[in-house]
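Student: Here are the chains, one letter per residue:
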Amino acid sequence: MQYMIIFREPMAEFDKREDPAQQGEYWGAWGAYIGAMREAGIIVKGDGLLPPATATIVRNRDGARLIEDGPFPDVKEQLGGYFVIEVPDLDAAIDWAGRSPAALVGSVEVRPVMPADMLL
Amino acid sequence: MTEHGAREAVARTARNSYGRLLAYVAARTRDIAAAEDALADAFAAALRRWPETGIPDSPEAWLLTVARRSAGRATRSAGHLAAARPVLDLMTEEAMDRAPVDFPDERLKLMFACAHPAIDRTVRSALILQTVIGLDAARIARAFVVQPAAMGQRLSRAKTKIKAAGIPFRMPEGDELVARLDDVLMAVYAAYGLGWEVPGGVAAGRMGEDLAGEALYLAQLVAGLMPGQPEPMGLVALMLYCEARRATRRGSDGAYVPLAQQDRAQWDAAMVAEAERVLTAAAALGRPGRFQTEAAIQSVQVQAPRGQSGNPKVLAALYDFLVTRWPSLAAEVSRAVVHGAAHGPERGLAILDAMPPDRVTGYQPWWAARLDLCLRAGDGAGAEAARKRAIALTDDASVRSWLAGRG
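If you read the sequences in order, they're chains A and B.
For what it's worth, the UniProt record's numbering labels the leading residue of the first sequence as 1, then goes sequentially.
For what it's worth, the UniProt record's numbering labels the leading residue of the second sequence as 1, then goes sequentially.
Same shape as in the complex, but just chain B:
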């Protein structure tokens, strides 16, 4: 076993199984911070041992055994973990011989514990992203547009509260389950968004596609658990629509391809069909929600003929519904674009101009939409100003060159 091979195996296991391992260790102690330390220690032990001993048959089981012992040790003698390293290395040999074959997936319990009403509302989704999805605080802070240090403090305070206040790791029932669902779905959705936006590279140790796939899997897990709830299904459908056309949003040269110009023949037809099926099942429950509405928008877009956007009047109505009930900057900008298509660019520009200036000056999609609408309205000066800002605000080179070429 080469050191490189072992390193790869450790990295792969971290990507695939971090959340599942953390949830399993933390569910037993309710101590997320200690579980994180124990897991970090187990991964460090793997980096030391696997080059010599080879990759175990079940890397997850190996790591779990080491992490659980490390967690136990930490509770007995907090702060002396470093001194225990040599012992830990020896124990790992033993662990390989009789590691548990399988362990239950406790991620749902962990997600719902993080969404407990006793946890500060503003940190619940972020906490799920960190513990279950394994994102670092800096990246979460970017996603939620707050300072990394502040986010780190809020996350660690929340973890302390879970442990000190004795918040249990269990699946809530009835109304309680429904009340916590929003925060869980928001976290899964944010993870998917982060995976989607990564410009074709590795960020913070996690590939975008890994994140998107994991988010989809978690959404399906939640939907499976709550068959009577339409919103988890709405989220699953939304992600499936996006996944179906993931490959086509870049040309072979890596250039950005807007939706209307994407090669529909390359969309994953099975995924689209599954998205339609899930969305229909959700709609049949007769309780529309944010994710169902966003999925419905995707459905309209996907059904449009090649070279065109979806029916602008239908899209405008769906976006009106969306922003009235679940307002967000992103939805309002998209609403301006579809109203521009349905009722002329002036109408779209009016919607953009009505948005709070201090919130949109640094928001790239607002400037990109403005560029588009100004061009269509024949406002050359407005278009150039918007183009400059939109280009300056993205760090994705292919989006930059696409914006530069618009005329």
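For reference, chain A alone in the conformation it holds in the complex:
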């Protein structure tokens, strides 16, 4: 089955990406994790995302397009990246989600990818 694992990180984690004192550790942890997934051959696709300040929110309401800056400011954890992985079952997906650096400081959501035949 395919699962999307969605990483949510506190803002402090995004800051580490740029901080010379902490970025080595930050990227090292993610690099090791992604390397392990690659080695296991389970990655279908995936990306890290630029910090939430780069995000734009779009809504259509009453025929008008509303465009807003940034994601949802009152949320403690922000979307940091995602992977779609191919593993046998939920327990395997949970196991991979739990190994990510985000699980230590933020949270990881595990969602089954909608099977293609449901779209027909």
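Since no wrong hints were added, every one of them can be taken at face value.
One side of the interface only, derived from the structure: several residues of chain A facing chain B at Cβ under 8 Å:
1) Met1
2) Asp89
3) Leu90
4) Asp91
5) Pro112
No wet-lab data here; the hints were simulated from the structure.
All values reported here derive from a predicted model rather than from experimental measurement.
Note that CB positions come from ideal geometry on N, CA and C, so glycine has one too.
Guided by the hints, dock chain B onto chain A, whose structure is given.
Tutor: Same frame as chain A, but now just chain B:
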């Protein structure tokens, strides 16, 4: 083969093997709802075919073969099962010729899948009761005191999640196994309670004794699987103590007989001995738990001389321990009764009165205990009020007449 005989055979197989058949079919597809449909279809096919063809040598194997094909068909063309009936009937003939002789018992895997942490906590035990024990949603809803429609929705949502999220049917290991154990044991215990409380009749298609026996078997299965865990053993011991005196809680006229008045000579001595052995083995592991404590209470009761309850001071201490760690209405009411015996009825009444009024007004054992304690305290008016409520709240005629005769 008469139609009646075939019908009996189908009903018997449903009672004895429903959970085992469902677990086997569902374990392969992870789709509990589809497995339920397939099994219902197989039972319907049996009702049509067995009167003509006779009961197969292995009814379970016959049903399994038909259900598995039906399940496969359903995945390929969902919703067209009805149209496939004639084909299915033909296939059943074939199935009888080369049905598998034996199939593994997958109920443990199914129980632990239902107790997966990704399933809503409040529905895990109920889900086990429905899938493994085969109880209908209405009866489960009664056991958990929720609306049947709400329970039905929660159960179907949980089944959908197991399938859609890909929750595997496997035995968890280590900490994970222990974490899911509580929900599994709670479900088995609830099944036993339902079997125990059925007032000597058929309810929702399941005899009380069947349910109790199946619950005991499942508890033994879990205990056998986890020899290092004391609580499954505690539950087995608890059930054995209760089973040992099942026959004596009714007189020959069907009248309710309270524990102290039961004929001890008729208790199943071998079962009591086995309960003591299992409880001792559990206690030796040095990790007391809810079921071990409840079994210990039974042990004290069973050892009491005829005509008496167990040592009230010991029982009061055990109930104190129980309600502090695992509070429940039932345990708190029993605690009030044993404190009444150990320290006087006023102490028991004080414990009853301290319980939340909105939770006890409809709770029959609370009123029955109040009747008992008021009588002993010489509070005639209180006793009569409690008697009226206690009688109104039970639908068991023999308990009603026992309560009416108390004075």
